[in-house]
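Work out the full structure: start from the sequences and follow the hints.
Number of protein chains: 2
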Amino acid sequence: MIVCRTIQELKSALGERASDGKSLGFVPTMGYLHEGHASLLRKAREENDVAALSIFVNPLQFGPKEDLDRYPRDEERDLAIAAECGVDVVFLPTVQEMYPGRPLTKVIVDEVTDRMCGASRPGHFDGVGTVVSKLFHLLKPSRAYFGMKDAQQVAVIEQMVHDLNFDIEIVRCETVREPDGLALSSRNVYLSAEHRSQAVRLSQALNLAKEWLEEPGMTASGLKQRVESHIREADQAIIDYVELLAYPELSLIDEEARLSSYNGTVILALAVKFGTTRLIDNRLFETSKIGGGE
Amino acid sequence: MIVCRTIQELKSALGERASDGKSLGFVPTMGYLHEGHASLLRKAREENDVAALSIFVNPLQFGPKEDLDRYPRDEERDLAIAAECGVDVVFLPTVQEMYPGRPLTKVIVDEVTDRMCGASRPGHFDGVGTVVSKLFHLLKPSRAYFGMKDAQQVAVIEQMVHDLNFDIEIVRCETVREPDGLALSSRNVYLSAEHRSQAVRLSQALNLAKEWLEEPGMTASGLKQRVESHIREADQAIIDYVELLAYPELSLIDEEARLSSYNGTVILALAVKFGTTRLIDNRLFETSKIGGGE
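Protein chains in written order, with the working numbering: chain A, 1 to 294; chain B, 1 to 294.
Some hints here could point you the wrong way.
Since the list can't tell identical chains apart, any single copy or any two copies may satisfy a pair.
Dumping the calculated DSBU-like pairs for lysine-lysine here, alpha-carbon to alpha-carbon at most 35 Å [to be verified]: (1) Lys289 - Lys224; (2) Lys289 - Lys210; (3) Lys224 - Lys210; (4) Lys210 - Lys149; (5) Lys43 - Lys224; (6) Lys65 - Lys22; (7) Lys149 - Lys289; (8) Lys106 - Lys11; (9) Lys106 - Lys149; (10) Lys140 - Lys11; (11) Lys22 - Lys106; (12) Lys289 - Lys273; (13) Lys224 - Lys273; (14) Lys149 - Lys11; (15) Lys210 - Lys22; (16) Lys106 - Lys43; (17) Lys149 - Lys43; (18) Lys65 - Lys140; (19) Lys140 - Lys210; (20) Lys273 - Lys210.
Hint data in this document are derived by calculation from the structure and do not stem from the laboratory.
Below, the structure written as structure tokens:
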């Protein structure tokens, strides 16, 4: 496994490992790897000649009041996990290496970023689009792997890749969960024991929603109310948003129409704070299957 | 020469011509080729294994009141010129091929676009950055060739390539001129005989500026006044802007300081309308050479 800290080192490592039309599978991360990341790395390893990982806590995607400074880091452990997953090349740049001088160029995706985390975290997805464009240009992957826990991020990257004709396949990967259902996240380490036990209500609500959806006449607005009530039973939970939107467009659907009459994929997406820790989770539903007696 | 009208055709043509680590020189244009474009194509031909040309009148870079609909086109002549210059691959997509569905992603370069044509044509450079990103992803050139008549476009593309880590060398190419000095432009065909003869004042002013710069104590503001007066002697000329800025940053320089005390490259840039036809021209100066008795 070659660990590269500069763009120069990365280019020479890729020249060595990824030449001659070999396929390259790429997993961009902010580090502090967990089993969710490991599942992406194993998939990248399995489906490509070369597997590459980047670890970069990107300042551009953090708001001024967000957790950039305290974002958890553990390079040694990350490299051990990467090696175990069979990664060939790790790119671990400094902020100075990625942004020498003030960056003036932004890659901005409209509409898909209007709601959910795009509304709660203004500028966040501009930072994501910009850094992912940079990493795509630096690594030139054939395929890039993203976890569906960040479903809006996946929608934004897919739209960007489509609109700008990046010659890269975006691979959606399923959210990995703790045994009780909590979606894995590097931010879970922030949770106190009490918050950790209450946080299970997010995934519970998503599972219950699957059943609520089957009730005759259920609407988007009715479903969101049920989800919100279920989460509010955790007394420390502060709901940032509960949204039901078309996926991957992330456009509004008729709040009062029967969901069974909507034809397409919808996402039920949650962002909930426990203390200063903000958790997100989501689940996709095929509305054509509602009442289909799966 | 392979002429491709779809992305699919382009991919198969590039697969055929540009495989195995061959270098590809790319000239993106809006067609209606003139000797300026031909000089770029010959350079791309000379310096690379494969030479590619794109012809696409990009709606995204035209304002709502601009000349998109009447922009001149002559595909047959363009293809003859391309063949003569030894082009291997021509990409001639439709608007539908380049923008299927509403594009939601924009590549935006700040600051470098604040002045000159960026100020006169709001949104223009967002359209340029976006379409050039798309073409770069589709053609994957080693080098891309741009004429310095569009000096701000060159500055914007260079900044974008730097900020987003495109692995592409941007080659600045000198402006090609008519015998009397008028910079070649596809838009010159719009000019009436009278406007055409008055239009020579743009390049004249840029040449005179070289002498005026040598006068002791000459300032940016003094130089611009001289240039404006010279152009105004053409009674049909309507000045859009005359600017003297640091290049390629396109940042302001002290208007009242002696230019000989400024250390760096400056651009003297003009945009002038004759009737409904807007012409641009510019010249770079090394201020360190002022008074150096070249």
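task = Check each numbered hint from earlier against the structure, then list the numbers of those it violates in ascending order.
result = 6, 15, 19
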